[in-house]
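Asker: Residues per chain, in single letters:
Number of protein chains: 2
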Amino acid sequence: MTDSNNPSTEDADRDARHKARMVRKKEVIDAGIAAAQDERGVIVITTGNGKGKSSSGFGMVVRALGHGMRTGVVQFIKGALPTGEEMFLRRFPEECAFHVMGEGYTWETQDRSRDVAKAAAAWEVARGMLRDPAIGLVLLDELNIALKLHYLDVEQVIADLRARPPMQHVVITGRGAPPALVEAADTVTDMTPVKHAYQQGIKAQRGVEM
Amino acid sequence: MTDSNNPSTEDADRDARHKARMVRKKEVIDAGIAAAQDERGVIVITTGNGKGKSSSGFGMVVRALGHGMRTGVVQFIKGALPTGEEMFLRRFPEECAFHVMGEGYTWETQDRSRDVAKAAAAWEVARGMLRDPAIGLVLLDELNIALKLHYLDVEQVIADLRARPPMQHVVITGRGAPPALVEAADTVTDMTPVKHAYQQGIKAQRGVEM
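Quick mapping for you: the protein sequence lines, in order, are chains R and G. Take my numbering: the final residue in the first sequence is number 221, and no numbers are missing along the way. Take my numbering: the final residue in the second sequence is number 221, and no numbers are missing along the way.
Don't read these hints as lab results, they were simulated from the structure. Be careful, since some hints might not be right.
Remember, identical chains collapse to one label, so a pair may be satisfied in a single copy or spanning two.
[Stated by the list, open to error] Subject to a maximum C-alpha distance of 20 angstroms in a straight line, what follows is the list of computed EDC-like cross-link-like pairs (lysine to aspartate or glutamate):
#, residue 1, residue 2
1, Lys159, Glu21
2, Lys159, Glu135
3, Lys159, Asp24
4, Lys159, Glu194
Just so we're clear, the structure is a prediction, and the values are computed from it rather than from any experiment.
Sequences are here, hints too, so could you generate the full structure?
Answerer: Here it is in structure tokens:
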């Protein structure tokens, strides 16, 4: 900056060290980016017990929409009320195809055979998206839960994922991602809880938890 | 289901066990929700080295927008090109105030004093949002990076966060969240990388990484 006269020697040293560090960092990052040249659709999984799995998936939907891509969302588990993300994204039916599996979390419904039938019907909708090259990104929200509960067959799911259009991205969320699905994915993040408002007696908040 | 005659004994047993497990799970979850009664704005941090921190923040913005809340976003670090989420959210200026700190990642600019000045100016914009009770959720994207590099003073940041309107939610993203900020937060998730497409030679993808 032109107006920073007489910076202390300490500041000047710190700036010089910072600059040297950033030059090295830039070299490492640029080299890594240059080496990664394969362009194709990726499978991203967000799993684990921490907060942010579904939110992260919806953030990627928004990112894709910003690039003018068409998107699809299938939610495999839901509560009785529509979520904020559903209410928002339903405003853009041309840009985002939004499908929600029948009502109720599984611990609300307590009827396994009904849940299996609903999951199978939702997978048919997902499969339709996974066959449509006009859809650039598909979010399969809470699919991991449906797999963990054996509502869907993981091998069939992986076969359908592998048969999708080559440039299509898929984001899969939910705790307990099965190992075979992790193996089939390109990018996997475990969302590890450090602390949660819930443990401190704070109610689930509109706009944060639902 | 009415048409499922003669299910095998094994299936019936599995359904009964499932139902018993779900009844217990529902009791535990309902009790926890009933106990959590405090309603107030929360501070949510997504940190760690894995993918999904910023996406998760943008997902919460979308969730809040779906509930009719006004939102604010300040991005503390950015590249030369606008991200997909920026391009999308700028379509709704009445619903989402979007501010991006001056150009360039720090390892691109390699000029510490300029970065400090830019971070301070961006914090002033953030502070304006943190004083506005009409804004229901504020996303401070990559703030942790600015704190980690000592571009901003963490105690000042925490003081401004504490002085915000009581019902306002704040989401803070970026690797390396400082311990004092983690202490001040309500919900903290560490995004732990399991694997990344980058390591498999796949280029950063539009709609996924940017």
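Asker: Decide, hint by hint, whether the structure agrees.
Answerer: Status of each hint after checking the structure:
no. : hint               : in the structure
1   : Lys159 with Glu21  : between (56 angstroms within a copy, 19 angstroms between copies)
2   : Lys159 with Glu135 : within (18 angstroms within a copy, 46 angstroms between copies)
3   : Lys159 with Asp24  : between (55 angstroms within a copy, 18 angstroms between copies)
4   : Lys159 with Glu194 : within (15 angstroms within a copy, 34 angstroms between copies)
In summary, this structure violates none of the numbered hints.
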